[in-house]
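Keeping their order, the protein sequence lines are chains A and B.
Anchor point for the first sequence: position 315 equals 315 in my numbering, and the numbering is continuous, going up by one each time.
Anchor point for the second sequence: position 203 equals 618 in my numbering, and the numbering is continuous, going up by one each time.
Don't read these hints as lab results, they were simulated from the structure.
Treat the hints with caution; some may be incorrect.
Said to hold, decoys possible - No farther apart than 30 Å at their CA atoms in a straight line, the calculated lysine-lysine pairs in the DSBU-like style are these:
#, chain 1, residue 1, chain 2, residue 2
1, A, LYS119, B, LYS531
2, A, LYS372, A, LYS401
3, B, LYS579, A, LYS401
4, B, LYS597, B, LYS579
5, A, LYS248, B, LYS544
6, A, LYS213, B, LYS544
7, A, LYS329, A, LYS318
8, B, LYS544, A, LYS401
9, B, LYS579, A, LYS329
10, B, LYS700, A, LYS318
Note that the structure is a prediction, hence the values are computed from the model and not measured.
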Amino acid sequence: MKKKIVSTIMAALLAALALAGCSSPSGGAGTATGNGSAEAPAGGSSSEAATPADGGTIIVGGLWQTTGFMADYEIPGSEGFQLAVDEINAAGGIDGKQIEYVFYNGQSELDLNSSLIAKLIDVDGAKVVAGLGDPNSAIASGTVAQSKGVATLATSSTLPYTQERVGDTAFLVPFGDNIQAYAAAEYAYKDLGLHTAYVVTDSTDEYTLSLSKFFSEHFTNLGGEIIGEATYDDNGYTDFSPAIQKVKALDAEPDALFFASFTEQGPPILKQFRDAGLGQPVFSGDGLDSVEIAEIAGEAANNTYFTTHVDYTESNSKVTDFLAAYTEKYGAEPANAFAALGYDAAYLIKYAIETNGNGDTSAEGIKNALDKVTDFEGVTGTISYANGHVPNKTVYICEFKDGTKVNLLSVVPEV
Amino acid sequence: MDFFAGSLISGLQLGSIYALIAIGYSIVYGILRLINFAHGDLLMVATYGAWILIARGLSLPFAVIGSVLITVAFGLVIERAAYRPLRDAGEEATLITSLAVSIFLQNLFLMVFTPKNRAFALPGFFSEKLVLGGAGSITITNMSIVIFVVTGGLIAAVSLIIKKTRLGIAMRACAENSTAAKLMGVNLNAVVVFAFVVGSALAAVAGVLYSGQYVSFNPSMGFMIGIKAFAAAVIGGIGSFAGAAAGGVLLGVLEILFACYLPEGAGVYQTAFVFLVLIVVLLFKPNGLFGAAEGRRS
Chain A
1 MKKKIVSTIM AALLAALALA GCSSPSGGAG TATGNGSAEA PAGGSSSEAA
51 TPADGGTIIV GGLWQTTGFM ADYEIPGSEG FQLAVDEINA AGGIDGKQIE
101 YVFYNGQSEL DLNSSLIAKL IDVDGAKVVA GLGDPNSAIA SGTVAQSKGV
151 ATLATSSTLP YTQERVGDTA FLVPFGDNIQ AYAAAEYAYK DLGLHTAYVV
201 TDSTDEYTLS LSKFFSEHFT NLGGEIIGEA TYDDNGYTDF SPAIQKVKAL
251 DAEPDALFFA SFTEQGPPIL KQFRDAGLGQ PVFSGDGLDS VEIAEIAGEA
301 ANNTYFTTHV DYTESNSKVT DFLAAYTEKY GAEPANAFAA LGYDAAYLIK
351 YAIETNGNGD TSAEGIKNAL DKVTDFEGVT GTISYANGHV PNKTVYICEF
401 KDGTKVNLLS VVPEV
Chain B
416 MDFFAGSLIS GLQLGSIYAL IAIGYSIVYG ILRLINFAHG DLLMVATYGA
466 WILIARGLSL PFAVIGSVLI TVAFGLVIER AAYRPLRDAG EEATLITSLA
516 VSIFLQNLFL MVFTPKNRAF ALPGFFSEKL VLGGAGSITI TNMSIVIFVV
566 TGGLIAAVSL IIKKTRLGIA MRACAENSTA AKLMGVNLNA VVVFAFVVGS
616 ALAAVAGVLY SGQYVSFNPS MGFMIGIKAF AAAVIGGIGS FAGAAAGGVL
666 LGVLEILFAC YLPEGAGVYQ TAFVFLVLIV VLLFKPNGLF GAAEGRRS
């Protein structure tokens, strides 16, 4: 997304200078590869099965954005997935077949994701791919996988209309933005009694756009009023004073603020609004699920509520077992809910194949098996794909308090 | 009115930071005809430097001085290792090299510090507000005042150095005509080193101010700011000291005012409008607002 624009600027600058420089036109105008994409994709194969078990192997692909703006979500996600793959292989694999896990770093860049997923499927022979990054990348790479008939499990993309955009091979492990934004609206309007809201949206991503859209929609349906909106584009943009000035110019200050943003903009936007004297409760989606935000923004993060996918303080054995295993492997508790989503994605593949696969581990077989998944119990809740490929799952509402994340309550969406 | 005043203060604040960075682009370009794309990344180097020194327990003023020294060291190493060997190789070669240096720096910091966003926390003093008027609705934070004072002071100091000192005069001579200056006994290497020292030091201060104002930072923070500051230097007339300062302030103010005053839905394209202004300025004044006349390119 942003890197894409940066590379375009660089290419344009180079082209302009090559022309303006009156030098031979053989200059490197068209060859600008841009920031980051010039390096070889980091990644590799972590096949546990140097000596394949008797049942053969299943090649599973991972396309994680472990650098770039999605890294805050996808590093934990990839760690959760890796943990589950190791556990599954150690316990005998899927239907006796070991998982051969191949993964790449898509660097949060759209074009790189499209080519890497083609490589995963065509060269490495992946039968199902997990990860995929933000909705923009997930739609781009998902479309490639769709054309090859390979199922994708998005773990950080929450765009509810992914299936309509991509096709029947696209599955979401988390809930959709409609569900989480509805939960946030309900909490703001009903539980906290806030009746007017101002919405600030990062306009460069499908995620932030859909989050704001669904929040505004439901908040209005409940009887609330959206008294204004501001958008910004996140290309290196960290000055939110235009939005702040607009809020201050309103006749009456809003009861609540809704920010649809990723982690990178979280601390600057919170800090600047608070510094400007706007201390209203702030609401947001799972994009703000990162303790980092509370640590960086400090007091400015107080009175901020966001929705996410799991409550790690629950005493449910799924959650406690995952936490224990993750902490043992990585030496620290997961940074956010995306670790659990990555973990669930791997077990979901195992569950689908073993429950509905009839031993068919071809790409088509796995896709059909995922289609029939009902009541898979994961760390992040229950997943069923009977009514579309975006599961209805419990939404957890959290609050930042003095540099930490506090779980408040869980909301079961009305279907 | 309050809306305008508030927007203007924010714009001036952002513009001041652009100005500090644009000056570095401009003076280096003036002497070497080198567009140093790695210049923006020095902001990032400075922020990490200050952050590490603060974490080591240094007080803020010393951490800032230390960070300026670290950044100047980076600037000099880059000049010595990447640009000096290519000085006679033509503009395209050094331009591409500077892009390579930029990518190298970002990836180096990515490797060492991970892509994680970090907090750049300044003492609470900087967030305190002063009421300027409008019955309390126009306020300014101490951070903004610090930005204005530091930027103004540095611009005045550097402008004095360039006007009055021997090195400054030598620098202007080299910008005018480096061959003639060399023939007159000016040590070109000393002048180039001096330009990089000044440019890197200003970028370091800009980096600390920027991160102090906007709280968080990561290894890729410098690139986009660098591009905008480069545009500011072009608007002002690249090679011109005063032009870079004026261009920086103008760009920052325009960026915020466009975002504030464009109708709903178009506000998000403020950067596009800013670059539209760049095109218009260049159509009427191809050398920028303060640029020297054509014919200097050798």
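Status of the hints after comparison with the structure:
Note on LYS119 of chain A and LYS531 of chain B: the hinted pairing holds, with a Cα-Cα distance of about 28 Å set against a maximum of 30 Å. For a cut-off of 30 Å, the pair hint linking LYS372 of chain A to LYS401 of chain A is broken: about 41 Å separates their Cα positions. Between LYS579 of chain B and LYS401 of chain A, the direct Cα distance comes to roughly 55 Å. Violation of the 30 Å bound is thereby established for this hinted pair. Among the hinted pairs, LYS597 of chain B with LYS579 of chain B is consistent with the structure: their alpha-carbon atoms are about 20 Å apart, no more than 30 Å.
Restraint check for LYS248 of chain A and LYS544 of chain B: satisfied, since their Cα atoms lie roughly 15 Å apart, inside the 30 Å limit. For the hint pairing LYS213 of chain A with LYS544 of chain B, the CA-to-CA distance comes to about 34 Å; that exceeds 30 Å, so the pair is violated. At roughly 17 Å between alpha-carbon atoms, LYS329 of chain A and LYS318 of chain A fall within 30 Å of each other, so this suggested pair holds. Distance check on the hinted pair: LYS544 of chain B and LYS401 of chain A sit about 24 Å apart at the alpha-carbon level, within 30 Å; holds.
Only pairs whose Cα atoms come within 30 Å are accepted, and LYS579 of chain B paired with LYS329 of chain A is rejected, the gap being roughly 63 Å. Between LYS700 of chain B and LYS318 of chain A the alpha-carbon distance is near 67 Å, which puts this suggested pair outside the 30 Å criterion.
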